[in-house]
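Position chain B against the provided structure of chain A, taking the given hints into account.
Listed below, chain by chain, are the residues.
There are 2 protein chains.
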Amino acid sequence: MNKISDKKIERIITYRRVLLRLDKQLGKTHVFSHQLASSSGASSAQVRRDLMEIGYTGSPAHGYEIRGLLDSIGEFIDPDQKEGIALVGVGNLGRAIIDYFNGQSSKLEIVTVFDVNPDKIERVISGCRSYHVKDLKPVIIEKKIKTAVITVPSGSAQSVADELIEAGVKGILNYAPITLTVPHGIYVENRDMITTLEKVSYFAKNNTNK
Amino acid sequence: MNKISDKKIERIITYRRVLLRLDKQLGKTHVFSHQLASSSGASSAQVRRDLMEIGYTGSPAHGYEIRGLLDSIGEFIDPDQKEGIALVGVGNLGRAIIDYFNGQSSKLEIVTVFDVNPDKIERVISGCRSYHVKDLKPVIIEKKIKTAVITVPSGSAQSVADELIEAGVKGILNYAPITLTVPHGIYVENRDMITTLEKVSYFAKNNTNK
Numbered sequence: 006m007n008k009i010s011d012k013k014i015e016r017i018i019t020y021r022r023v024l025l026r027l028d029k030q031l032g033k034t035h036v037f038s039h040q041l042a043s044s045s046g047a048s049s050a051q052v053r054r055d056l057m058e059i060g061y062t063g064s065p066a067h068g069y070e071i072r073g074l075l076d077s078i079g080e081f082i083d084p085d086q087k088e089g090i091a092l093v094g095v096g097n098l099g100r101a102i103i104d105y106f107n108g109q110s111s112k113l114e115i116v117t118v119f120d121v122n123p124d125k126i127e128r129v130i131s132g133c134r135s136y137h138v139k140d141l142k143p144v145i146i147e148k149k150i151k152t153a154v155i156t157v158p159s160g161s162a163q164s165v166a167d168e169l170i171e172a173g174v175k176g177i178l179n180y181a182p183i184t185l186t187v188p189h190g191i192y193v194e195n196r197d198m199i200t201t202l203e204k205v206s207y208f209a210k211n212n213t214n215k
Numbered sequence: 006m007n008k009i010s011d012k013k014i015e016r017i018i019t020y021r022r023v024l025l026r027l028d029k030q031l032g033k034t035h036v037f038s039h040q041l042a043s044s045s046g047a048s049s050a051q052v053r054r055d056l057m058e059i060g061y062t063g064s065p066a067h068g069y070e071i072r073g074l075l076d077s078i079g080e081f082i083d084p085d086q087k088e089g090i091a092l093v094g095v096g097n098l099g100r101a102i103i104d105y106f107n108g109q110s111s112k113l114e115i116v117t118v119f120d121v122n123p124d125k126i127e128r129v130i131s132g133c134r135s136y137h138v139k140d141l142k143p144v145i146i147e148k149k150i151k152t153a154v155i156t157v158p159s160g161s162a163q164s165v166a167d168e169l170i171e172a173g174v175k176g177i178l179n180y181a182p183i184t185l186t187v188p189h190g191i192y193v194e195n196r197d198m199i200t201t202l203e204k205v206s207y208f209a210k211n212n213t214n215k
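Protein chains in written order, with this note's numbering: chain A, 6 to 215; chain B, 6 to 215.
Next comes chain A alone, as it looks inside the complex (with noise of 0.2 Å):
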């Protein structure tokens, strides 16, 4: 397989989320390219690169039809088969994301939480089997999970993602207010909302000559 980019991933991810509300939310069946490129922040020849890239090609009269555009990215984005992803840390964050997450993905869903509150371990918590931190080894090698959500403190964010790593797990995404240091191989992403949100407000001030 050719090497695809980060960014380039991140274009086609974005394109579904926009055929996916033209589908099932406005009843579209056709996008042009230009349409496809306004709503999600492209130029129109990226996305006939794109598109190209995962060989699926419009017409000039129609554009591209959504279903079949919708089938080919998800031949290219998704897993063959479901797959299950970790979150640890169960606190009002966690279970935000797991509820906002869980359902919208056809793929991918969150089905294992740890955290060490004894409150929170043994049960079913928004739809998902849940176990103390410390178990979290065997938990992740058992069920062969590559993929995990970090939402504890800051303190405890960098051991929770050694232990990952170790269990096998290759993604993070990050949602502790700390850059976690990881081997090579593995992928991160920081998306600490502290900081997110500290840089937008620092914008909205400078930001007026831009």
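No wet-lab data here; the hints were simulated from the structure.
Same chains, same names: a pair is fine if it fits in one copy or spans any two.
The list that follows gives simulated cross-link-like pairs (lysine to any residue, SDA-like), each with its CA atoms no further than 25 Å apart:
| no. | residue 1 | residue 2 |
| --- | --- | --- |
| 1 | K13 | S110 |
| 2 | K13 | V187 |
| 3 | K210 | D11 |
| 4 | K12 | R196 |
| 5 | K87 | V116 |
| 6 | K13 | V193 |
| 7 | K210 | G190 |
| 8 | K12 | Q51 |
| 9 | K87 | A172 |
| 10 | K12 | V193 |
| 11 | K210 | D140 |
| 12 | K12 | G46 |
| 13 | K148 | I199 |
| 14 | K148 | V116 |
| 15 | K149 | Q86 |
| 16 | K148 | N211 |
| 17 | K12 | T201 |
| 18 | K12 | E194 |
| 19 | K29 | I78 |
| 20 | K13 | Q109 |
| 21 | K125 | K142 |
Using the frame of chain A, we list chain B on its own:
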């Protein structure tokens, strides 16, 4: 003021999170650039350049004095006075963001929230006064709010963004799974969790040769 890049601001805000942790949780007084670099995903040279730009230099023997550096970063990044932020859409995710964010930043606070559900308006939710979305424009104008968080469903995110911008908002943190179209001069960060988690899962599978 010189033009400061997006990435540089993000790094400086990240340094602050690392410094706060060293100060408050670990009781450290000094830090070397290489330590700050490894905890924030930057290079040592980059740390030194960034901090020189905000007018702070360390000593070769002791490194940077943490409290002084925190003050300098605060002067550089923070608004002069406390700044109130608005949040639109008080579902699970919106509420988790309020609870998570408030108290974490010295100058920024989510103070005003909007929803369409009658059970959620004209109340105090997680310490924030809540209003109906139909009153969004007058309330935002009166309170001179410049930064807002959007946590509404994708179908209403664009119209909410349009109203926020008409009322004077300059920076938007968008959690709805749609890319917002905004005029020149408005700063937007899209932080859709579905897109992000799909991307992390993709690279967890396809990242092994990286």
